[in-house]
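Residue numbers (the numbering used here), protein chains in the order written: chain A, 1 to 302; chain B, 1001 to 1217.
Because the hints were derived from the structure by calculation, they are not lab data.
Treat each hint with caution, since some may be false.
[As the list claims (entries may be wrong)] Chain A regions said to be covered by chain B (calculated; three or more residues, Cβ under 8 Å): (1) 172-179; (2) 278-287; (3) 294-300.
[To be verified] Covered stretches of chain B, going by a simulated chain A footprint (3 or more residues, C-beta under 8 Å): (4) 1009-1020; (5) 1094-1100; (6) 1136-1143.
The structure presented is a predicted model; accordingly, all values stated were derived computationally and were not measured.
The C-beta atom is built at its ideal place from N, Cα and C for all residues, glycine as well.
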Amino acid sequence: MHIEKIINPLLSLVLAPLLFGIINRTKALFAGRTGQPLLQSYYDLWKLFRKGAVYSKTTSWVFRLGPIVGLSVVIAATALVPSGGLPAIIAFDGDVILFAYLFGLMRFFTVLTALDTGSSFEGMGASREVMFSALTEPAFLVGLAAISKQTHSLSLTGMLAVADTALWSHIGPVQLLVAFSVFIVFLAENSRMPVDDPNTHLELTMIHEVMVLDNSGADLGFITYAAAIKMWLLSTVLVGILVPHNGNAWIDISTAVAAVFILAVLVGVVESSMARLKLLHVPQILLIANALSILALILVLR
Amino acid sequence: MSFMTNLVDTVIILFILTNFMLLGSSSLRRCIRVIALQGILLGILAILMENGTPTIHLILLSAAIICLKGIIFPFLLIRTLRDLNVQHEVEPFVGYGTSLVLSPLVLVVCIWLGSQLSLPMGVTSSLVAPVAFFTITCGLFLIVSRKKALTQVLGYLVLENGIYVFGASIATIQPVLVELGILLDAFVAVFVMGIAIYHINREFEHTDVDRLNRLKG
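Working from the sequences, and respecting the hints, build out all of it.
In structure tokens, the structure reads:
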């Protein structure tokens, strides 16, 4: 095992909470505010980890299990994602599907946790989350299938680590289509603006936030940290689809990390310039993502 | 794969995307803008189709396409839209989500159809014929599945664009007079339909096509 393979997982574990800081700063800039410190999410996490948790009497062991499973699953997922030309720690044929369904497992436990509280409000959030993820999953998998067909590889390492300039001149349009589709999936999966508003605490508009209302203390810390890592990983996949690399490890890694940060700024821009969509319109934008993915697959297969 | 083919492919993929947008959008104004974009893409496509340097008549033709389909048609349509009391296509026969899901499937059929045809000329991109079929199908679909009269005009325009894409793939051997004749026909059609819709709207205070059936008595 090569020691440099450990760099990517370490980077994602350390830098992930910074993404929230960057997004918040971008939004603050747009609104003409100073905004919170870049490292605010680290302070928040530190604060949460030191606190004790409060458990409602209606909850069972599932409620305590959920956040831990969520965090461990995303940490496992960090081992599957290559970045900046470096292969992932674990790579085998079909790890794309494992990657997608590790997040599926995380979502499953978040939903169970929400249902376990016995609150109808959280159940509503859970139902929304499941409904939207049913639409994002095919978009993500079909899009990656297109890339997989084009790169003749079934493993994330083979699909993402090879985006070089030669590939670009070959399948530029396909890559762009998939990237756009994955970007929509990325916004939906991380409950960002056009799909979900991460700031709101309004009953009728929340999706993700509502499911974790009853979690507190270290559990909430786990959930927030897992969300940050999930965001980092999905941005790494998106960057891996788009950004070519030239073979020099240090340049490639710094480009990849910079691209992830630029993506975070982009998310901030999207959030500042767009309103949240009506819940009824959210499936439509996810269907658009699906249509784009399918189009990319058709173009590759023809 | 040459750079030129890649460029043609990119324009054609944008064309496919405009079709998706037309099928998935309820705002008539946005539909008209998308059709303007389609017209401009069509003009660009006409130039790109020619291998090597474009001839003077091709440049003129593409300028005419961009002028008419990219600027004048949308202008006429937006003016008609302003006189009508509709801004949105509500309650279409087939919903937007369903249309969006169906359209990639239709595209697959079109690509299969295109692969069965053997075109006489060396076509720049293998996507041209399938996308022509796809655009024609989208136009027909818009005409049968939407209720407002204006959307039907839009469907007619999309249909015409589809035929044009097909024509563009063999534009080098097609006389410019024929192309200009088609453009003129489309222009007159849009003009007349705009006026007709205006009068229908003034007479009946709506432009729902399914309700116009009653006029047959």
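Cβ contact check, 8 Å cutoff: the region 294-300 of chain A against chain B, three residues minimum: holds (count 4)
Verdict on chain A covering the region 1009-1020 of chain B, criterion of 3 CB contacts below 8 Å: That given contact holds, which follows from 6 residues of the region 1009-1020 of chain B lying within Cβ reach (below 8 Å) of chain A.
Given coverage of the region 1136-1143 of chain B by chain A, checked by CB-CB distance under 8 Å (3 or more): violated (count 0)
Check of the region 278-287 of chain A against chain B for coverage (Cβ-Cβ below 8 Å, three residues minimum): Answer holds; 3 residues pass the 8 Å Cβ test.
Coverage of the region 1094-1100 of chain B by chain A (three or more Cβ within 8 Å): holds (count 3)
Residues of the region 172-179 of chain A with Cβ under 8 Å from chain B, three needed, outcome: Our answer is that it holds, as 3 residues pass the Cβ test (under 8 Å) against chain B, meeting three.
Violated hint: 6 only; the structure is consistent with all others.
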